[in-house]
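J.: From first to last, the protein sequence lines are chains A and B.
The first sequence lines up with residues 1 to 113 when you count with the working numbering.
The second sequence lines up with residues 1 to 112 when you count with the working numbering.
Some clues are possibly wrong.
Unchecked claim - Label-pair distances were calculated between CB atoms; the ranges are: (1) B:Ser-67 - A:Ser-113: 46 to 52 Å; (2) A:Ala-53 - B:Thr-20: 22 to 28 Å; (3) A:Lys-56 - B:Thr-77: 38 to 44 Å.
Unchecked claim - With a straight-line cut-off of 30 Å between C-alpha atoms, the simulated DSSO-like cross-links for lysine-lysine are: (4) B:Lys-18 - A:Lys-49; (5) A:Lys-49 - B:Lys-17; (6) A:Lys-60 - A:Lys-49; (7) A:Lys-49 - A:Lys-105; (8) A:Lys-105 - A:Lys-77; (9) A:Lys-60 - A:Lys-77.
Unchecked claim - Residues of chain B placed beyond 12 Å of chain A at every Cβ, according to the derived structure: (10) Val-12; (11) Leu-45; (12) Asn-53; (13) Gln-88; (14) Glu-100.
Keep in mind that the hints were calculated from the coordinates and are not lab data.
Positions of the beta carbon are idealized from the N, C-alpha and C atoms, including for glycine.
Each chain, letter by letter, is given below.
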Amino acid sequence: GDSVTQMEGPVTLSEEAFLTINCTYTATGYPSLFWYVQYPGEGLQLLLKATKADDKGSNKGFEATYRKETTSFHLEKGSVQVSDSAVYFCALSANQAGTALIFGKGTTLSVSS
Amino acid sequence: EADIYQTPRYLVIGTGKKITLECSQTMGHDKMYWYQQDPGMELHLIHYSYGVNSTEKGDLSSESTVSRIRTEHFPLTLESARPSHTSQYLCASSRPGDYEQYFGPGTRLTVT
Numbered sequence: 001g002d003s004v005t006q007m008e009g010p011v012t013l014s015e016e017a018f019l020t021i022n023c024t025y026t027a028t029g030y031p032s033l034f035w036y037v038q039y040p041g042e043g044l045q046l047l048l049k050a051t052k053a054d055d056k057g058s059n060k061g062f063e064a065t066y067r068k069e070t071t072s073f074h075l076e077k078g079s080v081q082v083s084d085s086a087v088y089f090c091a092l093s094a095n096q097a098g099t100a101l102i103f104g105k106g107t108t109l110s111v112s113s
Numbered sequence: 001e002a003d004i005y006q007t008p009r010y011l012v013i014g015t016g017k018k019i020t021l022e023c024s025q026t027m028g029h030d031k032m033y034w035y036q037q038d039p040g041m042e043l044h045l046i047h048y049s050y051g052v053n054s055t056e057k058g059d060l061s062s063e064s065t066v067s068r069i070r071t072e073h074f075p076l077t078l079e080s081a082r083p084s085h086t087s088q089y090l091c092a093s094s095r096p097g098d099y100e101q102y103f104g105p106g107t108r109l110t111v112t
């Protein structure tokens, strides 16, 4: 079945460091791909998304490119801030709109000043 | 900004009690979901609904039940709470024809 694998955390970085969180997927068809972020004590918020191959999603300095050839959707940010400390989830949706999302296990990011 | 609400935000309750976790959305979304989030942060789908009077079990077996009598309301009930039910419960909804899901803030349940 469909699945998402993302790098295990925690990831610990200093402020202004470069961030990469790897995400690969297995799916039939052409899924949409998402990155969600969860700040402490809150629900999940959509960070960015891509709906077809070679699309680049971007938001708040984060970006990820939908790579069909490597089945990947790695999250990157050039310069992290303390406020970016959170749990990041990679997810995919089957091609039929409205089906449940399939989430990776989450990666905890901790940024220190 | 998504308008999806969950109450209570935090609940501590004794074993054997019946509880209902509330979830409401004001966006008119037809599809709604309940996820259970374990301490390691992994999310598991436990229930979903495609509309009024539609409810389905998710991938993770759960002793909870849900109902969908109104479009905007999707409550989750535990008839007899047990310590193994201690978890974070997240509700979500999505628009017709859209993949993106909007999440509520969650209910953190502790059963003693």
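J.: Please go over all the hints and tell whether each is borne out by the structure.
T.: These are the hints, each one checked on the structure:
1. At roughly 47 Å, the beta carbons of Ser-67 (chain B) and Ser-113 (chain A) sit within the given window of 46 to 52 Å.
2. For Ala-53 (chain A) paired with Thr-20 (chain B), a C-beta distance near 43 Å fails the hint of 22 to 28 Å.
3. Checking the proposed 38 to 44 Å range against Lys-56 (chain A) and Thr-77 (chain B) shows it holds: the Cβ atoms sit about 43 Å from each other.
4. Under the criterion of a C-alpha separation no larger than 30 Å, the hint pairing Lys-18 (chain B) with Lys-49 (chain A) is inconsistent with the structure, at around 39 Å.
5. For the proposed pair Lys-49 (chain A) and Lys-17 (chain B), the alpha carbon gap of about 41 Å is over 30 Å, so the pair is violated.
6. Only pairs whose Cα atoms come within 30 Å are accepted, and Lys-60 (chain A) paired with Lys-49 (chain A) is accepted, the gap being roughly 13 Å.
7. A C-alpha spacing of about 18 Å is found between Lys-49 (chain A) and Lys-105 (chain A), which places the hinted pair at or below 30 Å, so the restraint holds.
8. Straight-line distance between C-alpha atoms of Lys-105 (chain A) and Lys-77 (chain A) comes to about 20 Å, which keeps the hinted pair within the 30 Å bound.
9. Taking the CA atoms of Lys-60 (chain A) and Lys-77 (chain A), the gap is near 9 Å; set against the 30 Å cutoff, the hint holds.
10. Against the 12 Å criterion, Val-12 (chain B) stays outside the reach of chain A, whose nearest CB is about 16 Å from its own CB.
11. Non-interface status of Leu-45 (chain B) relative to chain A is broken: a Cβ of that chain comes within 12 Å, the nearest being about 5 Å off.
12. No Cβ of chain A approaches the Cβ of Asn-53 (chain B) within 12 Å, the least distance being about 17 Å, so the stated non-interface status holds.
13. Separation of Gln-88 (chain B) from chain A is inadequate, the least Cβ-Cβ distance of about 9 Å not exceeding the 12 Å criterion.
14. Remark: the non-interface label on Glu-100 (chain B) conflicts with the geometry, its nearest Cβ contact in chain A lying 6 Å away (cut-off 12 Å).
Of the numbered hints stated above, those contradicted by the structure are hints 2, 4, 5, 11, 13, 14, listed in ascending order.
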